[in-house]
Amino acid sequence: MELEPLASAVLGSVLLSQMELESCASAVLGPVLLSQMELESRASAVLGPVLLSQMELESRASAVLGPVLLSQMELESRVSAVLGPVLLSQMELESRASAVLGPVLLSQMELESRASAVLGPVLLSQMELESRASAVLGPVLLSQMELESRASAVLGPVLLSQMELESRASAVLGPVLLSQMELESRASAVLGPVLLIQMELESRVSAILGPVLLRTDN
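Numbering-wise, our numbering comes out as the position in the sequence shown, counting from 1, plus 84.
Simulated from the structure, these hints should not be mistaken for lab results.
Hints are all accurate, no fakes.
Now the in silico label distances, taken between C-beta atoms and shown as ranges:
id, residue 1, residue 2, range
1, L279, R234, 54 to 60 Å
2, V256, L279, 32 to 38 Å
3, S263, Q228, 45 to 51 Å
Think of the CB as a built atom: it goes at the ideal place given N, C-alpha and C, for glycine as much as any other residue.
Modelling step: build the complete structure from the supplied sequences, incorporating the hints.
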């Protein structure tokens, strides 16, 4: 009983402070809400004709597009009426094909499983042979690579010296070959008429001696 008046006294002050806060908030928010209502009324005054014109355009568009949509729906219904039996026959053909091809595919799968069962050990033995061959040939190939590397290490300077000798020989023999070519060209220029004269003489001699040789043969 003594706690109830204390609680009522405490809650009374709390409610009074809450009422004071609400009155202050309404005093502050009142002009804000009024300005918001004024903005909404102005916006509705501006947007009202726009929305009305939009509604009129939509009604006109629906009036224009209505028959188009109806004709499209009629065409779709006619197409579905035509294609319905075609699709049904196609579905029947597919079901028949699956009924026919089902055992074929199953037999093919069985053959593949049997082939894999037969070829599996063969492939495994082949893999084992390849692994053994690689184990045997690996050191051989490594030794061959080592021999090749050593041979290249030995023959490298030899080949370089050979290339140097060839370059020096070409440097020395180049003028000699050029002079030889010049001499040959000059000799051909000088000997050309001589060879022609010799060929003419041989042809004349063969023309004269031909009958004589034939008589001696006879």
